[in-house]
Amino acid sequence: MSNAEQMKRRDFLKNSALASGAFLVPAFLKPFEALAQGETSSYKNLVVIQLSGGNDGLNTVIPFGNDIYYQKRSSIAINKTDIIGLNDMQGLNPSLSSLKEIYDQGWMTVINSVGYPNPDRSHFRSMDIWQTASDSNQFLTTGWIGRYLDSNCQTCRTPYTAIEVDDTLSLAMKGATMKGIAVQDPGKLFQETREPFFKSLVHAHNSEHLNEDNLGYLYKTMIETYSSADYIQQTSKTYAVKAEYPNTQLGNQLKTVSKFINSGLKTRVYYVSLGGFDTHVRQQDQQSRQLKICGDAVAAFIKDLKQSGKLDETLVMTFSEFGRRVEQNASNGTDHGTANNVFLFGGKLKKAGIYNDAPDLSDLDNGDLKYQIDFRDVYATLLDKWLDMNNSQVLTKSFKGLDFISGVE
Amino acid sequence: MDDLKQVKHLHARAGFGLRFEDLKKAEHTSIKKAVKHLFSASEKSSDIGIVQSNPDYMMAMKADADTKKMLLQQQRQQEKDLNLNWINQMIATDAVLREKMTLFWNNHFACRTNNAFYAQQLNNIQRSNALGNFRDLTIQVSKSPAMLQFLNNQQNHKNHPNENFARELMELFTLGRGNYTELDVKESARAFTGWGFDKEGQFVMRQNQHDDGQKTFLGKTGTFAGEDIINIILEQKQTAHFICNKLYKYLVNETPDQSCVNAMADVFYNGNYEIKPLLEFVFTSDWFYDDHNVGNLIKSPIELIVGLSRQFYITYPRPETLLEFQRTLGQVLLNPPNVAGWPGGRNWIDSSSLMYRLKIPSLVLDGGLIDFAGKADPEDEAYLATVRNRQTAVNTRVQTQVDWDKFLKSIPGHLSNIEIAQFLLEPRLNSTIQNTVSANTDIKTMAIELVSTPEYQLC
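Same order as they appear, the protein sequences are chains A and B. Numbered according to my numbering, the first sequence spans residues 1 to 409. Numbered according to my numbering, the second sequence spans residues 1001 to 1459.
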C-alpha cells in the first residue's frame, strides 16, 4: 500500500469513527469528544509487555560464548547446538525461534544488564519499582505512565491515551490526576457502561457533580469511562484484524492492541502482561512454554503491524521485574536475581541487534549480575524520543537516556 | 447539624457506617454519649486464632516434592483463612472502632509475609493495641517475626548491619522523611542488631550478634539498644505530628488542616502517646463535624464491602466471593503493595475499579440487576431483560445471602423515602437522586439503586 493510499484509508477510518461517534455521544459529552477528534492522526504508539515472575534472562538470551554459564548451570543450561545464535557470544532460547525472523529484519534490539542500584529481590517490591520508576528505597504512589498522563501533554488528556488490555489497571498506569483505562474487550466494556441506571446518572450530571472534591472526581471518572468506552468501541469496530495470532491470552491481547492501533485509536501507550516466569523448580519446561507464548505472540504482532503499515509508528518493550541468579539451584531452577535484558521491537530502531555487551558473569555482586543500564534510562529514551516528553517531568530526576531510537525527525 | 447526622458521621468514620437497626438508639443520643458507647463497645479485643500452626519452613526446604507441595497448599489455605476471618470479623463485630483502627494500624505498619501465622500474630498486636499506647504498639510490632522478617532484621548483624528496618521505622512508621539523617539510619540500625525470632515465632535478642558499642542518634549518644531508639524517636514531637497527620487523613479529611493536626499532636504527645484520648479528642471536636468534613472520604474497598455487608446482613456461603471482590477492587487484606501501605483516597479509583464498585452492590444484592425506575428507552429495556436472564447465573456464581426481611424491618416506619436515602448516603442528595427516590415505590429497588451510586463510594 502506498503512503497516499494509507493516508486516505486512515482519513476514511478517522471520519467514519467521528461520524459514528458523534451520532451516539450524548450532546453534553461532545466537547470532550471533540478534544480528542481534532488532533493529528499520525500517532506513535508504545506497547509495554510485562513478563511477571522474574524471567530468567540468562536462559532467554544465552551467553553461550562464556564457559561460566555452562559451569554454573550444569543441568539447566541450553545446549550450544540448540541456541539461535545472534552473535558469537549470545543467542536466543530455541523457544523464541519465531523471533529469529524479526531479529534478522532489524526489528529487534536486545539491551543487556538492565536494572537499578540496590536491587530488591521481592517480586512485589521490584515490580513496584519498575512500575513507579522509583529508587529502590523510595515509595511512589503513581506509575510512570500515569505521570506521563498527568503531564497534560497535548495528546494525553483522556483515559484512553493509555490502555491496559486487562480487566484491572496496573499501578504503572495510574497518575495522580489522570489514569489509563483497562479494556480487555471493548464490546464488553461498552455493554457494562450502558447500565440504564448508570446512564441516567451520567446524563443527569450537572455542575454540582463536577467540583474539585471527591464526589466530582467520581462523577468525572464515571463520565470519562462512559465516553471512553463508547469511543473505543465505535472506533475499534471499524477494523478487523486479518493476521493470524496464536490462540493464547497474550496472543489475543496483542491482537486487540493491533485492532486498536489499526483502527486509528488515539492511544499512545498500550500495556499487556504475561505471568508464569517464577521458575524455582524444573525451569526448562516452564520457561520454554512461557517464552514460546511470548515469542510467537510478539512475532505475529510485529508481522501484522508490518503488513498494515504501522510498524514504523510502533515501539514494543518487554521487561520483567528482575532476572535470576547466575547459578542454578538444587531443584533445576533458578532463584530471584537482579539485572535482566529488555527487548525492543519496532520498524524504526536506530540500533537493531544487541545493544551492549553481554552480562559479565565473572564480576558478580554476591552471585548476581551487576546492572549496567538503569531501567529509567530506557524509560527516559521512550519518553524523550518516542512520546515527545521531557523525561524529567515524569521521572524523579533527569536521565540521560540511550540511543536505540532516534529523536524527533 | 442535628445530633442524628452527627452520630451517623461518627459511625461512618469511626466504624463502617450506621445501620437502620442502630437508628432507634442513635436518634436520641448526644454525641458525647455516642462516642462513649463506641469506646465501650470496643473495650474488649478478640484475637484472631484461625491459623493454629506455624509451618516449619526449615523442614520444608529439605522435604520431598510431595511434602513441599502439601506445605505450599497449607500455606495458601492459611492465608485465605486469615483474610476471610478478619473481613468476617469486621462484618460481624460490635467493636467497630477497634476493627477500624486495626485496619489503620495494619496499613500503617504495613507488612507482607507468606507465613500466615506471623501475619496473624502481627494483626493481633495491631488489634490489641489499636486503642492503647503507640509506644507499646511500635515496640511490639518491631519485635514481631512478620516485621523482623519483612524488613530483613534477621540479617541485621553486628558486623554486617542491615539498615532496612531502621530506615522504614523512621521514614514510614514514626518521623517521616526528612526528619533524620543517613547517619541516624546507620547508627540506629546498629542498635537493632541481634533482634530476631526463633522458629516458634518468639522474639529473641541474640546478644552475640548485637552491637553494644556507643551510638549517636538524633543528637544523643549512648550504648543504645532498640527500645532506646524507639524512645528517642518518640521524644520527638514530630512523631506525634506525623501519626496525627496520617490519622487525620484517615478519619477526617484527605487535606489536613494544620491547626487541627497540631491540636491533635498536642493531645497525643502530652498524653504520652495514648491513642484513646486522641481519638476522643477528634470525635468530640466541633471541626470533626464541619460540613466540609462530611461525606467526602473515598471508602477503601474493604470499607465498602464491610459497610455494605453490615447494612444488608449479607453472608457469603461461597467465601471466594469476598476474595474476588478484594482482588478486583485492588485491596487484598494483609497484602499491601509495599511497606508504605495502600495510598488510599483517589488512588482507589480508576475507570475499571469504579465500574466494579458501582456494580458490586447489585451483584451481591440482586444477581446484578439494578431495576431501573426511571424512564427506560427501548435499548434499556433490552439491556434489563438480558440482565434478568443472567440473574440466576450470577447468583450461582457469587452465592450471597441477603436478609432482606431483617433489613426492611429495621427501617423505622416513620421515615420518608428521602430520609431513607439520606441515611444510606453520606453526601447530600443531589436532584437526580432525589428524583430517583421519588420515582420509587419499592424500598428494595430504591436501596439497590442508592448503593450503586458514586455517592455511596464516600463516607
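You may find that some hints are simply not true.
Said to hold, decoys possible - In silico BS3-like cross-links for lysine-lysine, where the CA-CA straight-line distance does not exceed 27 Å:
hint, chain 1, residue 1, chain 2, residue 2
1, A, K370, B, K1062
2, A, K199, B, K1444
3, A, K237, B, K1359
4, A, K303, A, K370
5, A, K44, A, K237
6, A, K303, A, K348
7, B, K1237, B, K1249
8, B, K1186, B, K1158
9, B, K1005, B, K1409
10, A, K220, B, K1359
11, B, K1246, B, K1005
12, A, K188, A, K259
13, A, K400, A, K350
14, A, K100, A, K351
15, B, K1005, A, K199
16, A, K72, B, K1005
17, A, K72, B, K1062
18, B, K1199, A, K188
19, B, K1062, B, K1246
20, A, K80, A, K100
21, A, K220, B, K1249
22, B, K1406, B, K1005
23, B, K1068, A, K397
Said to hold, decoys possible - The following residues of chain A were derived to be distant from chain B, with all beta-carbon distances above 10 Å:
hint, residue
24, P196
25, T221
26, Q307
27, I354
28, Y355
29, Q372
These aren't lab readings, by the way, just hints derived from the structure by calculation. Built from N, CA and C at the ideal position, the CB exists for glycine as well.
| request: Hint by hint, work out which the structure violates, then give me just those numbers in ascending order. | output: Hints 1, 4, 15, 16, 18, 19, 23, 24, 25 are the ones this structure does not satisfy, whereas the remaining hints hold.
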